[in-house]
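> Below, each chain spelled out in residue letters.
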Amino acid sequence: MATNAALAKGAPNILQQVQQYLTERLAVMDLFDETFTDRAKTNPWYCVGGMFYFTWVIVLVTGFWLLMWYTPTIEQGYASIEHIQHELPFGWLFRAVHKYAGDAMIILATMRSYRFVFTGDYKKPYEIVYFISIFAIIVCMYSGLTGYLLIWNQRAFWATKVMVTFPTYIDATPGLGFQYFGRNTAFWWLGGGSIGQGTMTNFLTAHYALSIIAFLLIEQYFWKTKLRRMNMTWQQMLVTLAIVVGVVYMRPSEMGTFANPTVTPNPILSDWYFLALYQLMKYQHPVTATWVTVVIPAVAILCAFMDVRPERSLWDRPGMAVVSIGAFIQWIALSVLIILNIADIQRDPPFWYVSFMIPAVLAGWLEWLHFKKTKVPKGLWALPVFANQVLKRPSPTAKPEPKTAPAE
Amino acid sequence: MEQRLTRRNFMAAWLGALPGFGLLGYLIPVWWRFLFPTMEPFGFLSGQVLGTEKEQFVENTSEMQKPWDMRPFEFVRQARLFTSDGIYNTRVPGFLVAIPKDTSNPKEGDVEYRAFSRICVHLGCVFNYVIGRDEVKVGYNYAVPLNEVHFACPCHLSVYDLSQLIPIPGVSISTEDEPWMKGPLVVSGPAPRPARPFKVRVDDRGDIYIVQLEGGGLS
Numbered sequence: 001m002a003t004n005a006a007l008a009k010g011a012p013n014i015l016q017q018v019q020q021y022l023t024e025r026l027a028v029m030d031l032f033d034e035t036f037t038d039r040a041k042t043n044p045w046y047c048v049g050g051m052f053y054f055t056w057v058i059v060l061v062t063g064f065w066l067l068m069w070y071t072p073t074i075e076q077g078y079a080s081i082e083h084i085q086h087e088l089p090f091g092w093l094f095r096a097v098h099k100y101a102g103d104a105m106i107i108l109a110t111m112r113s114y115r116f117v118f119t120g121d122y123k124k125p126y127e128i129v130y131f132i133s134i135f136a137i138i139v140c141m142y143s144g145l146t147g148y149l150l151i152w153n154q155r156a157f158w159a160t161k162v163m164v165t166f167p168t169y170i171d172a173t174p175g176l177g178f179q180y181f182g183r184n185t186a187f188w189w190l191g192g193g194s195i196g197q198g199t200m201t202n203f204l205t206a207h208y209a210l211s212i213i214a215f216l217l218i219e220q221y222f223w224k225t226k227l228r229r230m231n232m233t234w235q236q237m238l239v240t241l242a243i244v245v246g247v248v249y250m251r252p253s254e255m256g257t258f259a260n261p262t263v264t265p266n267p268i269l270s271d272w273y274f275l276a277l278y279q280l281m282k283y284q285h286p287v288t289a290t291w292v293t294v295v296i297p298a299v300a301i302l303c304a305f306m307d308v309r310p311e312r313s314l315w316d317r318p319g320m321a322v323v324s325i326g327a328f329i330q331w332i333a334l335s336v337l338i339i340l341n342i343a344d345i346q347r348d349p350p351f352w353y354v355s356f357m358i359p360a361v362l363a364g365w366l367e368w369l370h371f372k373k374t375k376v377p378k379g380l381w382a383l384p385v386f387a388n389q390v391l392k393r394p395s396p397t398a399k400p401e402p403k404t405a406p407a408e
Numbered sequence: 001m002e003q004r005l006t007r008r009n010f011m012a013a014w015l016g017a018l019p020g021f022g023l024l025g026y027l028i029p030v031w032w033r034f035l036f037p038t039m040e041p042f043g044f045l046s047g048q049v050l051g052t053e054k055e056q057f058v059e060n061t062s063e064m065q066k067p068w069d070m071r072p073f074e075f076v077r078q079a080r081l082f083t084s085d086g087i088y089n090t091r092v093p094g095f096l097v098a099i100p101k102d103t104s105n106p107k108e109g110d111v112e113y114r115a116f117s118r119i120c121v122h123l124g125c126v127f128n129y130v131i132g133r134d135e136v137k138v139g140y141n142y143a144v145p146l147n148e149v150h151f152a153c154p155c156h157l158s159v160y161d162l163s164q165l166i167p168i169p170g171v172s173i174s175t176e177d178e179p180w181m182k183g184p185l186v187v188s189g190p191a192p193r194p195a196r197p198f199k200v201r202v203d204d205r206g207d208i209y210i211v212q213l214e215g216g217g218l219s
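So the protein lines, in turn, are chains V and B. For the first sequence, counting from 1, position 25 maps to 25 in this note's numbering; every step adds exactly one. For the second sequence, counting from 1, position 36 maps to 36 in this note's numbering; every step adds exactly one.
Keep in mind the hints are simulated off the structure, nothing from the lab. Wrong hints could be hidden among the right ones.
What the hints assert, rightly or not - In silico contact screen, one side only, chain V against chain B (beta carbon under 10 Å); selected entries:
no., residue
1, MET163
2, GLN197
3, ASN260
4, HIS285
5, PRO286
6, ALA343
Claimed, not checked - In silico EDC-like cross-links for lysine to aspartate or glutamate, where the CA-CA straight-line distance does not exceed 20 Å:
no., chain 1, residue 1, chain 2, residue 2
7, B, LYS137, V, ASP348
8, B, LYS54, B, ASP207
9, B, LYS137, V, ASP344
10, B, LYS182, B, ASP85
11, B, LYS137, B, GLU148
12, V, LYS124, V, GLU34
On a predicted model such as this, the values are computed, not experimentally measured, just so you know. We put the CB at the ideal spot given by N, CA and C, even for glycine.
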């Protein structure tokens, strides 16, 4: 048989291929830019990982302090935070630093992922590192959401309601209704059938666990690799801290009003990092909106596997440049629209579908032009050669293969 | 690194794996009961929830004779929760509305009583009772209102038209058996189905009672 013949020749079987694939990628593992120390000396973009770790430490320290004074019940939670805010010495400072350092983590994680895209660092063998950087954004967002409910004010209450209800539309997807996955997820988050004490206990646990479990795993990694955790000088740390504290003084954290389950305020906004998703929820059928929410990070991760040509400069990858910058602009635009409370459900969705499509088509066209200019023989023969190139996935370090004469 | 798959190591792998699967078979149900105490055993296959409902008085018909009269109420359902009591009273806010039988020509006294859960079927916010075309146009982005009275949700701007009641789609119960299984049509916004109706009972003295809520929703 063919498989036996292959085994006899010593060709790796599928498990061994997977093992080899993972070994290659885990060898260059990088969580906080701790292996990019040389580049960080000349390029400040490579300090972002270190800043991320540093803000995380700030969040942990202030978090422990806040946890000592916080009462995790729906009756007393709001009052205990009022006590922290108004009566404890420097309580307002600790609480605001905790909040804004958490926000800074989301910004820094996003910046780091964008750095991977812009510099082409996410190409082989850094796919898993890039995957982890995207995953870090999601964990940070969930951490922010779970932490936000603890104050039990109106914004937190309704943001949680929306966030916990949206998985139920997974069950409304045609063909997926039989397993009640979304409904069970919602019940698990809620700790029952509605938002109550169970939800708050769950969210406090999750808020705590998301940081602590990750921290323990990462300590294990650093203990094994003996790398320096924070790739920063003390001046850079001081600047980071100054930025966070400066924001605290410019915009002290708010209290909101105590949650009222019978009144939804109008208009109602979520936290800033969910605003664009929130606006998209207004435009789309909820099933579509749910899957779009799931698909966005998946597509971001897939970019690393679609961008296969060895070029690293953004000018040589026009498609990825248009897609990544366009996505960022649209995210900002949607956030601005919801803050201004502009949503015409009849008028806007077609406009937005078109404006999502234009950069995608433009990206494909630019990529095609660039490809035609540099790599491929003219005519229709470009297509199979292009497909071949994609399938072969040349590594970024490998030399370009000698050109073969086009078949005329 | 050459490892052949032989008959011997294939059997050895299964010998190790079978007790492992057995152990998982013991642990997963225990873990599942721990995560979902509100569900019946095997309830995750049907999405069934433990909870009880009690009939509840709202208003007498003599107080609600005018068309579009409305009374807000809170319907209490006892649900199981992760609290130390294991029980939590879920309060489902609702609107009891006197809907004119002829919506084009509303007359005093010629009304039927219907109640709807205020929890938006889209993503669970609580919607408002909005009277007037300008309010719903300005506040909730519904461009061309056909009728006067709407439910409108502040979160994602779903608007339900109370003058157009339709049977709940996707439910096997027919509206002839259960005439209360009707909800207001969604005329604007992302909500996928009509609002969730309550069963309403009017007794001999004209007292209006809320009996039960259409099942299936989160509150």
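> With reference to the structure, classify each hint as holding or not holding.
Status of each hint after checking the structure:
Contact between MET163/V and chain B, as hinted, is supported at the beta carbon level, the nearest pair being about 9 Å apart and thus within 10 Å. A cut of 10 Å between beta carbons decides the hint on GLN197/V: the least distance to chain B is about 5 Å, and the hint holds. At a threshold of 10 Å, the smallest CB-CB gap from ASN260/V to chain B is about 9 Å, leaving the interface hint in force. The restraint placing HIS285/V at the interface with chain B holds, with a minimum CB-CB distance near 6 Å, inside the 10 Å limit.
A distance limit of 10 Å between C-beta atoms decides the matter here; for PRO286/V the minimum to chain B is near 6 Å, and the interface restraint holds. With 10 Å as the threshold, the beta carbon of ALA343/V comes within range of chain B, its nearest partner Cβ sitting at about 6 Å, so the hint holds. Restraint check for LYS137/B and ASP348/V: satisfied, since their Cα atoms lie roughly 16 Å apart, inside the 20 Å limit. This hinted pair checks out: LYS54/B and ASP207/B have alpha carbons roughly 16 Å apart, not beyond 20 Å.
For the given pair, LYS137/B sits about 10 Å from ASP344/V by alpha-carbon distance, which is consistent with the 20 Å threshold. This hinted pair does not check out: LYS182/B and ASP85/B have alpha carbons roughly 36 Å apart, beyond 20 Å. Proposed proximity of LYS137/B and GLU148/B is supported: the alpha carbons are some 11 Å apart, at most 20 Å. Taking the CA atoms of LYS124/V and GLU34/V, the gap is near 18 Å; set against the 20 Å cutoff, the hint holds.
In terms of the numbered hints stated before, the structure departs from hint 10 and from no other.
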